[in-house]
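Chemist: Start from the sequences and build out the full structure, keeping to the hints where you can.
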Amino acid sequence: MIEVKAIQKIYRRGDGTPVPALTDVSFSIADGEFVTIRGKSGSGKSSLMNILGCLDTPTAGSYLLAGEDVSGYDDQQRSHLRSRRVGFVFQSFNLLPRTTALENVEVPALYIEEPVDRDRARQLLQRVGLGERADHYVTELSGGEQQRVAIARALMNDPPLLLADEPTGNLDSAAGGSIMELLKELNRDGRTIVVVTHDEATASYADRELLIQDGRIASDRKRSGQPAREATAR
Amino acid sequence: MKPTAVLLLAGRSMARNPLRALLMMLGITIGIASLTALSTVGESTRRETMQQFKNMVGTYDIINIEPGTSATRGMPSLTTVPPTLKFEDATAIADQVDGITTVAEVQNAFDLDVKYRDKTTAVALYGISANWLEMHSYFIHSGNVLTDEDTSSLARVAVIGPDVQTALFPNEDPLGKQIRIGNVPFQVKGVLVTRGAGPGGSSLDSIVFIPVTTASKRLFNRDYLTTITVQLDDPLNPGPVADAVTAVLRERHGIVPPGEDDFTLSSPLAAAQQIADVDSTLTRVLTGVSVIATIIGGTVIMSLMLIAVSERQREIGVRRAVGATRRDILWQFLVEAATVSLLGGLVGTALGVAGGIFITLRQDMPPALLWTTIGWAVALSIGVGLVFGLQPAWKAAKTDPIDALRS
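If you read the protein sequences in the order shown, they are chains C and X.
Residue 1 is where the first sequence starts when you use this note's numbering, and the numbers rise one by one after that.
Residue 235 is where the second sequence starts when you use this note's numbering, and the numbers rise one by one after that.
Think of the hints as simulated: they come from the structure by calculation, not from any bench.
Note that this is a predicted model, so its numbers are computed, not measured.
For glycine and all other residues, C-beta sits at the position ideal for the given N, C-alpha and C.
Among the hints, a few may not be true.
Residues of chain C clear of chain X, computed beta-carbon distances all greater than 10 Å [claimed, not checked]:
#1 I10
#2 I29
#3 N50
#4 R84
#5 R98
#6 V107
So, partial list: chain X residues that the calculated Cβ filter (under 7 Å) puts toward chain C [unchecked claim]:
#7 P237
#8 A239
#9 R250
Modeler: What follows is the structure, encoded as structure tokens:
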């Protein structure tokens, strides 16, 4: 699914001094894996996630998404990639205010050729356990429910890869746990899932963990994928 | 993104923030409303003026060809015009020029004495082709009009104006009576409906019409005309016919530019339009103010859209993340601005048309609803939205999704 080879990301300050965010990062993620990328803030994990999600391009190195080298793609090509290949889940949900859950789920379908499939949006809300609340405005929903709407939205165009950036960061541990359970279920259905987090409890749901420090992969290890009950409660 | 989706987004955005949409519409509505009202009232006034002009002159869908250069102006008469315009010229024009309904020949003179028994009155005498009367809105009150048969047989028949009837036949029916013009007897064939005063203030009713052939051969013994009148198929477009007539006459008279023409074309339409199209200073000032109001409406749209783009950074970020291209975002905000502006313009058009009709009816003028005005109002409001929406939409499209999602 993902093959990253010797990726570098260097930002430039206003005065032109280079600031390296990622240095020589290489790894690959197979189809159907559930991987966390864990690191402290400033470790480079957000930069890595932006590249994996095709929001940004690496300064050097190559990124193969489903066998396609996308590291040189321009803005428009990356937009099309995002609409088909990647589903995003954000820490702060990022739902459109004054809009119903259903309309939020439909948003990605506006940017593909096919007509908006409202039935599919409803089914996805059903799938994340919000079938009854499809026509509620998002402000009427709890944090956990809002994140479920966001996950349904990420699945709207049926992307093979789901990228979640601190998906439990704004939730209490119970709600966070159930969101991770939901991602786990989606993974069991065959979807590749990458979760970026600094949180050990969240990371414990994955089968594999990439630890990132100072812009480099510090460790790459298997995990049980079975969080201890205590680990869930922070 | 599909066009329907863009419109849907614009509609939803307005529904989510109706007060903002209303504020954005307001300036456009006021500007377009006053422009539309001004145009409606202006068109009514123009038509009213044209109608008055037609009542006065009798017609405006004609071109008059008179002998002489444009320097020798004034009402033509057999005694004043050069003898250059012939019957054959009229025939040639009728044969060779497209786009004309009929051609009429005229020989006229002023201050001619007409007698009946012991009474005498001075009249304007017109020798005319039979079709001339109808062309110039002279209608028969009693008796009959002149016919082509009268013309071809050089008949000594006359149609007289109501003033002539009053002067010569105060107590009897003039029909069938013999009047004398010069020493030639004519039988009165018809009496005309009262016309009143003409453009110069003189009466149009102290007038006698006889066949042009009779005038030429039996009365004046002159072979030249004072006027050839052609009636246009397309009354609002005299240009091509005028050019063709000029070409025919130049060829017949052997005139090669830059040699001066020995004839002059004139169209009452041009004069009518000139009178009707004179905008008052007030109209111009009001139009200027309306245009400024519309532009201010545009800047209101621009500033509110700029605020909206800042407020909606996150929305832009999310849309970009789920696959919207820069162009999609540009279109979304551009169409939103144009839609709001169009709505404002439509409301303004409705108000303006209603207001304009109200004003014209109060002034007893026929209201004139101009589809071109409505078309322009709609186009202008969409245009203002697009022009003033461009910068905010461009700003939205340039937003970096990573920054937008972080904000």
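Chemist: Please list, smallest to largest, the hint numbers that this structure does not respect.
Modeler: Violated: hints 3, 4, 5, 6, 7.
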